[in-house]
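Engineer: Using the hints, position chains L and W against chain V.
Residue numbers (our numbering), protein chains in the order written: chain V, 14 to 179; chain L, 5 to 436; chain W, 6 to 646.
For the record, the hints were derived by calculation from the structure and aren't laboratory data.
The structure displayed is predicted, hence computed values, not measured ones.
In this text, a Cβ means the ideal position worked out from N, Cα and C, and glycines have one as well.
Just so you know, not all the hints are guaranteed correct.
A few chain L residues that face chain V, going by a derived Cβ cut-off under 7 Å, partial list only [stated by the list, open to error]: (1) Y205; (2) G249; (3) V333; (4) R336; (5) H343.
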Amino acid sequence: MLAAQTRAEIERARQRYPSPRSAILPSLWAVQNELSWLPPEAMAEVAELLGIVPSEVQAVATFYSMYFKHPPGRHHVLVCVQAACALRGADETVAYIERRLGCPSGSTTADGMFTWESTIECLGACGGAPMMQVDHHFEENLTPERIDAILARVAAEPATHHGPGG
Amino acid sequence: MAEYRLLTRDIGTEGLQTLPVYERKGGYQALRTALKERTPDEIVEQVKLSGLRGRGGAGFPTGTKWSFLPRDIFPRYLCINADESEPACFKDRYLIDENPHQLIEGILIAAYALQVRHAFLYIRGEYHDQRLLLERCVEEARRAGYVGERILGTDFVCDIIVHGGAGAYICGEETALIDSLEGYRGQPRLKPPFPAVKGLYGKPTVVNNVETLSNLPHIVGNGGEWFKAIGAERSTGTRLWCCSGHIERPGCYEMELGSPIRELFEEHCGGVWKGRALKAFQPGGGSMQVLLPEHLDLPLDMDAVMKAGSSLGAGAMMFMDETTCLVNVSMRLVDFYHHESCGKCAPCREGTYFESKLMHKLEAGVATLDELGTLADICANMDGKCFCPLGDTATWFVMSAYRAFREEFEAHCGAEGCPVAREHRPLLAGHA
Amino acid sequence: MTDATPPSPPDDGRVEITIDGRVHRAPKGQLVLDAATDVGVHIPIYCAHPKMDPVAVCRMCLVQVEKMPKLQPACATYVSEGMVVHTQTGPVATAREGVLEFLLLNHPLDCPVCDRGGECDLQDFTVRYGPETSRMPITDKVHFDKAVPLSDRIELDQERCILCWRCVRYYDEITGEKEIVLQERGVRTSVATFDGRPLRSAFQGNLPEVCPVGALTHRQYRFVARPWDLQRARSICPECSYGCNINIDSREYEVRRFASRDNPLVDDMWLCDRGRYSAPRWNRTERVRRAAVRTAGGEQEVTIEHALREAGRRLREVRDQHGANAIGVLGSVECTNEEAWLLQRVARDALGTSHLDHQLEAFPGLSPEEHALGIAEIEDCSAVVVLGSRPEQQAPVLTLRLHKAQRKRGTAVHRLPSEVDDATVRGITGQRLVGVIADESDRARAAHVAQLLGAGNTEVRRLTVTRGVNGRGCKDVGLLPNLLPGYRPAPGAGRCGTEILEATSAGQIRALLIMGSHPWAAGAGVALTGALNAADLVVAIETVPGPVSHAATVLIPGHTHVEKAGSVTNLEGRVQRIRAALPPATAAPSELRVLAILAAELGCESWPAETIAVHREIAAALPAYAAAGNGGRAGWLVPTQ
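Excised from the complex, chain V in its bound form (with noise of 0.2 Å):
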């Protein structure tokens, strides 16, 4: 089911490691880029190119938090509220944010452009606090004016990656 370049990113994974199955991150990432979530189907192919049992491949996705088990929208917001974040007011972010986007945390918009979450997890921009990553960018000193103008801006892009790759 993959597209012939994600076959090839996947193969160009297994030559850079000693080790097939250390390919597996990046190749997940590479399904993602092409498919904004990992398929099961996806992950048996994975397994399939890497020389590995497809179980193998669905235990360690569901193991990190950042692969999609079920398509997301266009776009997705992630918003620190972690203690530091939370000290400088990433609650009023968080709730600014659902009502701007007009759904809770973990969900996605009725158009289908964004997915957002609120997540405890500290994403590394504690001196910008409160920050948002959105598409993986870092947004930081956000205001309600600076989310407008931000959400405003990346309606506008396509959706481009889901994950580090190209």
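Structural biologist: Below, chains L and W alone, put in the same frame as chain V:
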């Protein structure tokens, strides 16, 4: 002792992330010195002499760690830990964003000293742009002959493989990092064997932090003796301090080790924001114990802070003003460990869950005093019983806060809401 | 210069360790957990498993080790010289109680409806070391799927699972199939198959035994019994010649399950699903229960005494009229050694015929060399050649031993087609010991392959997978036309099973004495029907109704594998005992007594009729069996005169 810009010296230079600018600033000269004028063993000796201690959190002497490698087993591997995920830490991202070639030069020096041909740079998945930047810089260095075959015309061969994680704090633990890199669930391994003996692909492996390695060009360039003169006696050199929370100027500041915390807090951070008073602060990152205003006069010295009951850990400083609810902060940190527990061992997997349930009740003001006792008991049953330090440290901040702010914790019991928030409602929020 | 160093104690490969005050010299490299077991100190475990590598994830076995700041997991801590361990101190007790609270936190506590109740380590240790109550409200429990069928054999209750990793490691380390893995992380971790697809392994039945709690259960055994209602008999799995040791658990006169009974030299505690789940077939109610004599007037129920008298009289008649070789004797691979021994004596000594066998096929040139390689010795082989897929189809647990040898000892396992060419075989390099494994139909090929491999100082040993639970024993004790007990050549030109049936159809053989046709009757087809139609006399000792019992002139009820005692010999020559697990479905005496009475009717008085007495007779005749005792291997030498 004061601000000392060593690793951050050139930061701010336009285009430092590109090879020509980095070279113009003297970049890759230390690598040249290492490869042309020093033997690998001489570099290990210089690093030992420098007194450099790991910047990832545990503070283990780097040279000593290197010397644990068995002398005659090859291949060996170097893993660079850029899985920075400790709450309130962002120095590695800063160093990568601002001076990526310094890190790459450090990696190459370490690889030469350790006679490693493959260095794996494990960077957390959330650092997407940083990963792309590093990949670009490695390619740039490769084209310039710093990476790959016959580096700088010598016999030294080294490749750097940038490996992106996918969202798991536990992969910062070195054996979990190795498991993740090998393509397994990133869960800690049984020790012994230690990675130095049996690590990546079953071979001797060293895992070093980004900031640790970024020091190497300076140590090799100026000598271990020179480096040793910077900082405190057993905490040599500088460190990057990730300052966050209720301060005027949050950000990353480099200070000589041994400087007073107060100097960092007042001069660089600008003190507590909005003219408020400091209530508490957490050094080291989310794992570490809470300290009080009276501890501001402690030196930024690993041993001194440890004596005070906390740790400099991975170099964070999170400041909390008088409106802060310590139960709320504890709850978020406990939630973090619950979210990030890998689930391997029972005390951490189940304990962080129970802890989190209790903390949410407590913060909501619906817990009983008995349940507060249960919380302490649960933490005691976790601390020291878990498979790896994650489960142990999941109890450290909350228990230290409970000890230091017992009344505040108890006041939450049956309060039907957070009593601190009730008092400071208009003040708590950032955008008051 | 004087030598100031005190003489060091001789290195005997052991270190001194003290556990709860008991001083013990433990072998180097031993785990504290095992050392504790050796000195009689119990340490509770969940994740630790005697057949798997340590993982130290459950933290139940934490103990205090002097000079170590934290409690240490006994399952992953190795003994060292002078180590002092405490397992009964306050900190250890607190840790155990703490761990149990954690393990029970999200556990459903549904013991009353759990199949594992009564034989569950979580129950047992909670009673012994656990907290009295749960401090977390029941409403806070994390919920997972319950009663998820993983296949038609296994059911998974994710809520009961304590995530000890045993099933995952079983599939990783023991079978290598990796069908069950962990998914998600933290408190959401669960065990699962890929995309919820069913298990396909031939060894799933071991999962409920590997599981320390009631998370993995047998669908066949669901809600069937409580352990305290079960009666247990130690026996041998009846499904093939591998000789896996089992416990037959029965309740109310029915077999409820086969459970493994670890014999490290044979099964290593693993059973295959074919063997394990064959249990219900022993509960068939359709049985031959009464003796009968068939005359022209029809079938008539008679007493056993009457039937045996009639059988003796009619057999004597045939012998007197047509000669002893007009009688054919057929046993089966389900005969115990004792039964097979007496049956061949009846044939040879009481009747005087040379036509006797235990199965249909002929075995020319049979020798004990074909069984030289022991099961456990597979792990000592540098390389093993398995010819064709039949050996592992017939004796599935062999696959697990091969995997273990591969994984733990680096044995190279070559699975080759049975018609493999010589060049391929010559390409296999092995040092020391090389094994060749084949089934009965590839005996000749195996001999050839062994010869090719046996160059230089490489020793080659063969293992032949015999058919049926006691195909090997029947051969050893000479229930064969061409070989006497102990593989001595038999005089006369005896016919094999198929030839006996054909000769009967052709009228050369006039009478048949058949004991237990079940294993071969279906395969005999028209040859059997023809023989039964043509025979003047069929004396049959049968357990289940079938063509033989329907045609029998004299019919005597027999006993099944689970109703009788005796010994059976596995494919490597290990002599192991089976014991009665169920009361017999018939009032008839044992086959041994039946044969002894029949012998008496034929003029041979005072034959032994008790298992032990017959076994003594075998041991006296066959030194290899005397040496094997109970559970040892009959180490055959090439027969001497």
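Engineer: All the hints need checking, so say for each whether the structure fits it.
Structural biologist: Going down the list of hints, with the structure as the test:
1. Y205: holds (5 Å)
2. G249: Given a least distance of 5 Å, the restraint on G249 of chain L holds.
3. V333: Status holds, d = 5 Å.
4. R336: Given a least distance of 5 Å, the restraint on R336 of chain L holds.
5. H343: With a closest approach of 5 Å, the H343 of chain L hint holds.
Hint check: no violations occur; every hint is consistent with the structure.
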